[in-house]
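Trainee: Chain B is fixed; fit chain U onto it per the hints.
There are 2 protein chains.
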Amino acid sequence: MASKESKRSSAKGKKEVKKETGLGLTYKKDENFGEWYSEVVVNAEMIEYYDISGCYIVRPWAMSIWEIMQTFFDAEIKKMNIKNCYFPLFVTPAALQKEKDHVEGFAPEVAWVTKSGDSELEVPIAIRPTSETIMYPYFSKWIRGHRDLPLRLNQWCNVVRWEFSHPTPFIRSREFLWQEGHTAFATKEEADAEVLDILELYRRIYEEFLAIPVTKGKKSELEKFAGGLYTTTVEAFIPNSGRGIQGATSHCLGQNFAKMSEIFFENEKGEKAMVWQNSWAYTTRTIGVMVMVHGDDKGLVLPPKVASLQVIVIPVPYKDADTQGIFDACSSTVQKLLECGIRVEADIRDNYSPGWKYSHWEMKGVPLRIEIGPKDLANKQVRVVRRDNGAKIDIPMESIAEDVKGMLVAIQQNLFDVAKQKRNACVQVANTWDEFVKALNDKKLVLAPWCDEKDVEKDVKARTKGEMGAAKTLCCPFEQPELPEGTLCFASGKPAKIWSYWGRSY
Amino acid sequence: MASKESKRSSAKGKKEVKKETGLGLTYKKDENFGEWYSEVVVNAEMIEYYDISGCYIVRPWAMSIWEIMQTFFDAEIKKMNIKNCYFPLFVTPAALQKEKDHVEGFAPEVAWVTKSGDSELEVPIAIRPTSETIMYPYFSKWIRGHRDLPLRLNQWCNVVRWEFSHPTPFIRSREFLWQEGHTAFATKEEADAEVLDILELYRRIYEEFLAIPVTKGKKSELEKFAGGLYTTTVEAFIPNSGRGIQGATSHCLGQNFAKMSEIFFENEKGEKAMVWQNSWAYTTRTIGVMVMVHGDDKGLVLPPKVASLQVIVIPVPYKDADTQGIFDACSSTVQKLLECGIRVEADIRDNYSPGWKYSHWEMKGVPLRIEIGPKDLANKQVRVVRRDNGAKIDIPMESIAEDVKGMLVAIQQNLFDVAKQKRNACVQVANTWDEFVKALNDKKLVLAPWCDEKDVEKDVKARTKGEMGAAKTLCCPFEQPELPEGTLCFASGKPAKIWSYWGRSY
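Line by line, the protein sequences are chains B and U. Reminder that position 160 of the first sequence reads as 160 in our numbering, one-by-one numbering, no gaps. Heads up: take any position in the second sequence, counting from 1, add 1000, and you land on our numbering.
If you're looking for bench data, these hints aren't it; they were derived computationally from the structure. Treat the hints with care, since some could be wrong.
Taking beta-carbon pairs under 10 Å as the criterion, some of the chain B residues facing chain U (in silico) [claimed, not checked]: (1) P60; (2) A62; (3) F90; (4) V91; (5) W162.
Label pairs and their computed distance ranges (CB to CB) [unchecked claim]: (6) Q1097(U) / Y352(B): 36 to 44 Å; (7) D1101(U) / K375(B): 58 to 66 Å; (8) D1118(U) / E271(B): 42 to 50 Å; (9) D118(B) / E1221(U): 22 to 30 Å.
Below 25 Å or equal to it, Euclidean Cα-Cα: the simulated BS3-like pairs (lysine-lysine) are [said to hold, decoys possible]: (10) K336(B) / K1458(U); (11) K305(B) / K1079(U); (12) K79(B) / K1336(U); (13) K141(B) / K1216(U); (14) K29(B) / K438(B); (15) K1115(U) / K115(B); (16) K1078(U) / K405(B); (17) K1305(U) / K83(B); (18) K78(B) / K1405(U); (19) K269(B) / K1357(U); (20) K357(B) / K1141(U); (21) K1216(U) / K79(B); (22) K78(B) / K1336(U); (23) K1141(U) / K298(B); (24) K1078(U) / K336(B); (25) K83(B) / K1115(U); (26) K305(B) / K1083(U); (27) K1216(U) / K83(B); (28) K305(B) / K1305(U); (29) K1405(U) / K1216(U).
Idealized CB from N, CA, C, for every residue including glycine.
Same shape as in the complex, but just chain B:
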């Protein structure tokens, strides 16, 4: 069988032999981070590369993570009385081009349909890169009076941005899945409040589900959403590459789109007024950030809250031992844990050794492994091995459900704590240009006093351009350190107005 398989594999590309064994990674996270990432998403069976560049197959192991986050987020926004809907994938050039700044931001990446069957379309049709210009003409139609407000819609869908910079699974792909919320309010106060409510949900997705620390903050004028008023963000950081990554964004669009789409309403005083709008989104990128932050040289490491399989039970039979007893103990363990709502399976395949199974499930990042062998059976215990830190603990059969529950909570917390500690260790304050450049080259997350001027950010980008990409603002954190009077901007030497995080980014 091995020879037949390697023949098939070699016909298709060299990566497959490794995948076949599922036993280990060629690259190390600290040595070849980019290659390590590409390998781990494939070997852990999250992603399959597709024959169109920049498009990826999201396999069930990754899709289940997306679904768990979706269940959480969808329930939360429904509590806020936000309703799901579905707008078309396609948009006419006329609608797409209505908002000038907005279309400038997206135009280079828009995919155009020009043919159906063998016929040319009369007018080419764009595929949505985002849905502001698709939705808002209808907001104008549906909103008449103040009683029609707020209008709060969301959709779960795919979007297409035909980018030409390095495609990376989850992180930067030409098609991706997301939710996009689009809302309209009578007052700016209500819009402002929602922006932060949603941002808090995004923080919870990262911190509570994916165990990834993020910084809440505001994007600079240069980095804000094209056509919007201001953009808030949860920013994560990848220590291995020294790059920031925009986790999810919640935009206040102000009244700019409302003006273009003529979204007026009659207010309580009977006057004609214009709505205030928000839009907000998070994408499958979340999964990539999780892989980058927690993965190790053995493969993926899944936080228990997003793991579709939290515990894998592996029988470890021994030739003279009571094999049936071991398998029965595995079954009853699975049963006990299932009854407590733990997502658990036993791997009772007889064509793989326990050692192979250990490696396999480590690659896939399952948070806890339970081994049951003759000695465990005799002692009425099981051996539990943590994926996050490799710790091995024998726990009595009797208290297995509570113990495992407790360990899953501990793993979730530990992953977050370790990630936060690593992230914090990367933060470097830079007060001068030289300090800034050094910190950047040391792959730090740079916190610097800034004059908050667009041209200065442009200048920093120009001066740091190079193979690694230019540095830019990541966000101005809501939690601002003290800024003593007289502090100067690290880049322009003008008086600093704000602390901002800077760095290269994904």
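Mentor: Leaving out everything else, chain U in the frame of chain B:
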């Protein structure tokens, strides 16, 4: 305010004035069925027409129905160990064209992306009309041995079929939402069994959720899925138009796609074998069938199981009466019903009369209306009005939760019973060509003995061509009436082999 609104409306198109009032339909279901349908999906706020022909906006009122069905179906297939995934929207011409019959079936409707930004793509890329040719090359990669089988995947996504025949909201649109399941088995027996398991879920969606009777059966050779082995279907019927409608299909693909995509595996004997495959899907069309079957001249009629709002509570204050008491009774009614898991809201808007509200919620199809006025308050009762049959019943406050629960069950059952009775009344047996043509012209669902030959079906299509569209087989029902020996085919006069349903269809 009214004058301002009608000004805005007239600026945008004449349909809107009516929508604004939400009070009634211009067309009657029995007189102008097509116009009635277009009007009801808009006025009930399910659909908004979009500025690209054949694309529609699915508004929250319709989306919530889709989500309820999705929750059911997704849980059921997960029990069957079918896993969700996501494959790309795009497919290369080479992959799309691999299976000849299949591509012939879909080619005329394929939308092609040829440009991104201002650049021409090197090779045009197709948007998926369905995902067989996208997925199966990767099935080939993932499946090696019998232990990799069965492979059972599903995705919830959008697909695009750029059809030029009459677009109709939900029923025939250029983009629609669906789930598509794609599975591979070691044996034909397993594949055959799954085809029927899934078909049973589709029956349950129609009969248990949408309260629509369907017929399970097999498609003819001419009507089966392009490239597949055989197609099973749940067929519904629309009495008003006298047309059949394919509800959802579950295909056994046999080994045809497996051959093209080289999906081999090593079986338990160590031999090279080829997988057996299925694919199956249901779409947002389900919602359209529901509107057509249950709707009436007052608007939509929602079966309680798919209604996002099952009960609307309306206060009916009277000038001298205890208005606060009435509003309090509405609140406590809502509270009691919510606690029983009933989806309920109160409409306490003060700018609409009770009468306007009755019409509004009737248009939207809410199954039960509860009215609370001074007399009800005095008598410790509420008045309940059924949407399905208009029945008005006073029920005591005390037993409201159980009574309402029971009524919702009764409405669900009654909708199904009435629909089934109407459908059954349309079935007409035709033994001869003349009987067949007469039944067709009488808008009947024709059951006829047939020789089961492809050329005869082609001939029937040719002979019935006309303004209304040609007649074709809808399905050969699994439950076959007795076919006495010597029975002849209604169309060819050859010996009949099977009973088949025939009709015009959507």
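Trainee: If a hint holds in the structure, say so; if it doesn't, say that too.
Mentor: Here is what the structure says about each hint:
1. P60: It holds, given that the least Cβ distance between P60(B) and chain U is near 4 Å, below 10 Å.
2. A62: holds (8 Å)
3. F90: holds (5 Å)
4. V91: Because about 8 Å separates V91(B) from the closest Cβ in chain U, which is inside the 10 Å limit, the hint holds.
5. W162: Constraint on W162(B) satisfied, holds at 4 Å.
6. Q1097(U) / Y352(B): 36 to 44 Å: Roughly 39 Å apart at Cβ, these two residues keep to the hinted range, so it holds.
7. D1101(U) / K375(B): 58 to 66 Å: holds (60 Å)
8. D1118(U) / E271(B): 42 to 50 Å: At roughly 44 Å between Cβ atoms, E271(B) and D1118(U) fall inside 42 to 50 Å, so the hint holds.
9. D118(B) / E1221(U): 22 to 30 Å: holds (27 Å)
10. K336(B) / K1458(U): At roughly 60 Å apart (the allowed maximum being 25 Å), K1458(U) and K336(B) break the hint.
11. K305(B) / K1079(U): Roughly 21 Å separates the two Cα atoms, so the pair holds.
12. K79(B) / K1336(U): holds (19 Å)
13. K141(B) / K1216(U): The hint is violated at about 42 Å.
14. K29(B) / K438(B): Cα-Cα ~23 Å, so holds.
15. K1115(U) / K115(B): holds (11 Å)
16. K1078(U) / K405(B): holds (24 Å)
17. K1305(U) / K83(B): Holds, because 19 Å separates the two Cα atoms, which is no more than 25 Å.
18. K78(B) / K1405(U): holds (24 Å)
19. K269(B) / K1357(U): holds (24 Å)
20. K357(B) / K1141(U): holds (21 Å)
21. K1216(U) / K79(B): violated (39 Å)
22. K78(B) / K1336(U): holds (21 Å)
23. K1141(U) / K298(B): holds (23 Å)
24. K1078(U) / K336(B): holds (21 Å)
25. K83(B) / K1115(U): violated (34 Å)
26. K305(B) / K1083(U): holds (19 Å)
27. K1216(U) / K83(B): It is violated: about 35 Å lies between the C-alpha atoms, which goes past 25 Å.
28. K305(B) / K1305(U): violated (31 Å)
29. K1405(U) / K1216(U): violated (31 Å)
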